[in-house]
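**Student:** Now for the letters of each chain:
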Amino acid sequence: DQQVKQNSPSLSVQEGRISILNCDYTNSMFDYFLWYKKYPAEGPTFLISISSIKDKNEDGRFTVFLNKSAKHLSLHIVPSQPGDSAVYFCAASVGQGAQKLVFGQGTRLTINP
Amino acid sequence: DTAVSQTPKYLVTQMGNDKSIKCEQNLGHDTMYWYKQDSKKFLKIMFSYNNKELIINETVPNRFSPKSPDKAHLNLHINSLELGDSAVYFCASSPQLFSNYGYTFGSGTRLTVV
Numbered sequence: 714d715q716q717v718k719q720n721s722p723s724l725s726v727q728e729g730r731i732s733i734l735n736c737d738y739t740n741s742m743f744d745y746f747l748w749y750k751k752y753p754a755e756g757p758t759f760l761i762s763i764s765s766i767k768d769k770n771e772d773g774r775f776t777v778f779l780n781k782s783a784k785h786l787s788l789h790i791v792p793s794q795p796g797d798s799a800v801y802f803c804a805a806s807v808g809q810g811a812q813k814l815v816f817g818q819g820t821r822l823t824i825n826p
Numbered sequence: 824d825t826a827v828s829q830t831p832k833y834l835v836t837q838m839g840n841d842k843s844i845k846c847e848q849n850l851g852h853d854t855m856y857w858y859k860q861d862s863k864k865f866l867k868i869m870f871s872y873n874n875k876e877l878i879i880n881e882t883v884p885n886r887f888s889p890k891s892p893d894k895a896h897l898n899l900h901i902n903s904l905e906l907g908d909s910a911v912y913f914c915a916s917s918p919q920l921f922s923n924y925g926y927t928f929g930s931g932t933r934l935t936v937v
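Protein chains in written order, with our numbering: chain A, 714 to 826; chain B, 824 to 937.
Rather than coming from a laboratory, the hints here were simulated on the basis of the structure.
Yeah, the Cβ is synthetic: ideal placement off N, Cα and C, and Gly gets one too.
Any given hint could be a false lead.
The calculated lysine-lysine pairs, modelled on DSS-like cross-linking and capped at a C-alpha distance of 27 Å, are [what the hints assert, rightly or not]:
| id | chain 1 | residue 1 | chain 2 | residue 2 |
| --- | --- | --- | --- | --- |
| 1 | B | Lys863 | A | Lys784 |
| 2 | B | Lys867 | A | Lys718 |
| 3 | B | Lys845 | A | Lys813 |
| 4 | B | Lys859 | B | Lys894 |
| 5 | B | Lys864 | A | Lys813 |
| 6 | B | Lys894 | A | Lys813 |
| 7 | B | Lys864 | A | Lys784 |
| 8 | B | Lys845 | B | Lys863 |
| 9 | A | Lys813 | B | Lys890 |
| 10 | B | Lys832 | A | Lys813 |
| 11 | B | Lys875 | B | Lys832 |
| 12 | B | Lys864 | A | Lys781 |
| 13 | B | Lys867 | A | Lys781 |
| 14 | B | Lys894 | B | Lys845 |
| 15 | A | Lys813 | B | Lys863 |
| 16 | A | Lys813 | B | Lys842 |
| 17 | A | Lys784 | B | Lys859 |
| 18 | B | Lys875 | A | Lys813 |
What follows is a list of derived Cβ distance ranges for each label pair [stated by the list, open to error]:
| id | chain 1 | residue 1 | chain 2 | residue 2 | range |
| --- | --- | --- | --- | --- | --- |
| 19 | B | Ser862 | A | Thr739 | 14 to 24 Å |
| 20 | B | Gln919 | A | Tyr752 | 24 to 34 Å |
| 21 | B | Lys845 | A | Arg730 | 38 to 48 Å |
| 22 | B | Asn874 | A | Tyr752 | 29 to 39 Å |
Make a model of the complete structure from these sequences and hints.
**Tutor:** See below:
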């Protein structure tokens, strides 16, 4: 029973365009969401997070949107750069802390020059 | 200066063997975790420790035994290895048990059981 799902295993975007990565969840108790970025042979690194009291959080080129009624979140990267090519994981937790994160299976983003 | 370091990076071993993976963090964090990335690429929590105290044990077979000698170290010992244990194991740490800024992960240990 996977509570967090990323239904697109891969996404290819042209450099300079917008990348949109999607994530769906089933547990309505989740109230804190995070995105991680992972390069090959490295551990995931924290990118951006959002609390359920917000519907948008922005950090530079990265914006996360949360639609609680649809149990859906998305990560927008604008403009996309070659260094953004990586696997992106969304994660969720119950409670404001990251005590126990439930991860999706990741989406591999490739930015083409 | 690696923040969360795991050793070894790769581990190939035969079924039935016992092996350990070590993890150390130099961030001064109170909480450490073990996650397993399975064949379907999901990262799933196995254990968490806070100041050497076991907090989460996520229905992991008792062949897996974590050991935290101090809050900077969380080792994972696996007895009687099985083929299904093949996976990438990630150690992580966070400043405290309820941390809003996510974890810092190690680079992973790829375990292959043959």
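**Student:** Is the hinted pair B/Lys864 and A/Lys781 satisfied, with a Cα-Cα distance of at most 27 Å?
**Tutor:** holds (25 Å)
**Student:** Quick one, are A/Lys813 and B/Lys842 close enough, alpha carbons at most 27 Å?
**Tutor:** The hint holds at about 26 Å.
**Student:** Is it true that B/Asn874 and A/Tyr752 lie within 29 to 39 Å of each other by Cβ?
**Tutor:** Cβ of B/Asn874 to Cβ of A/Tyr752: about 31 Å, so the range 29 to 39 Å holds.
**Student:** Just to be careful, I want the Cα atoms of B/Lys864 and A/Lys813 compared with a cutoff of 27 Å; is the pair within it?
**Tutor:** holds (17 Å)
**Student:** Is the straight-line distance between the alpha-carbon of B/Lys875 and that of A/Lys813 27 Å or less?
**Tutor:** holds (17 Å)
**Student:** Take a quick look at whether B/Lys875 and B/Lys832 sit within 27 Å of each other, Cα to Cα.
**Tutor:** Roughly 24 Å between the alpha carbons, so the hint for B/Lys875 and B/Lys832 holds.
**Student:** CA of B/Lys845 to CA of A/Lys813, is that 27 Å or under?
**Tutor:** holds (21 Å)
**Student:** Could you grab the alpha-carbon distance between B/Lys859 and B/Lys894 and see if it respects the 27 Å cut-off?
**Tutor:** holds (20 Å)
**Student:** Given the hinted pair B/Lys867 and A/Lys718, is their alpha-carbon gap at most 27 Å?
**Tutor:** holds (13 Å)
**Student:** If I claimed the Cβ atoms of B/Gln919 and A/Tyr752 lie 24 to 34 Å apart, would that claim hold in this structure?
**Tutor:** Given a distance of about 27 Å, which is inside 24 to 34 Å, the answer is holds.
**Student:** Are the Cα positions of B/Lys832 and A/Lys813 separated by 27 Å at most?
**Tutor:** Between B/Lys832 and A/Lys813 the Cα gap is close to 24 Å, so the pair holds against 27 Å.
**Student:** For the pair supplied as a hint, A/Lys813 and B/Lys890, is the alpha-carbon distance within the 27 Å limit?
**Tutor:** holds (19 Å)
Every hint from the earlier list agrees with this structure, and none is contradicted.
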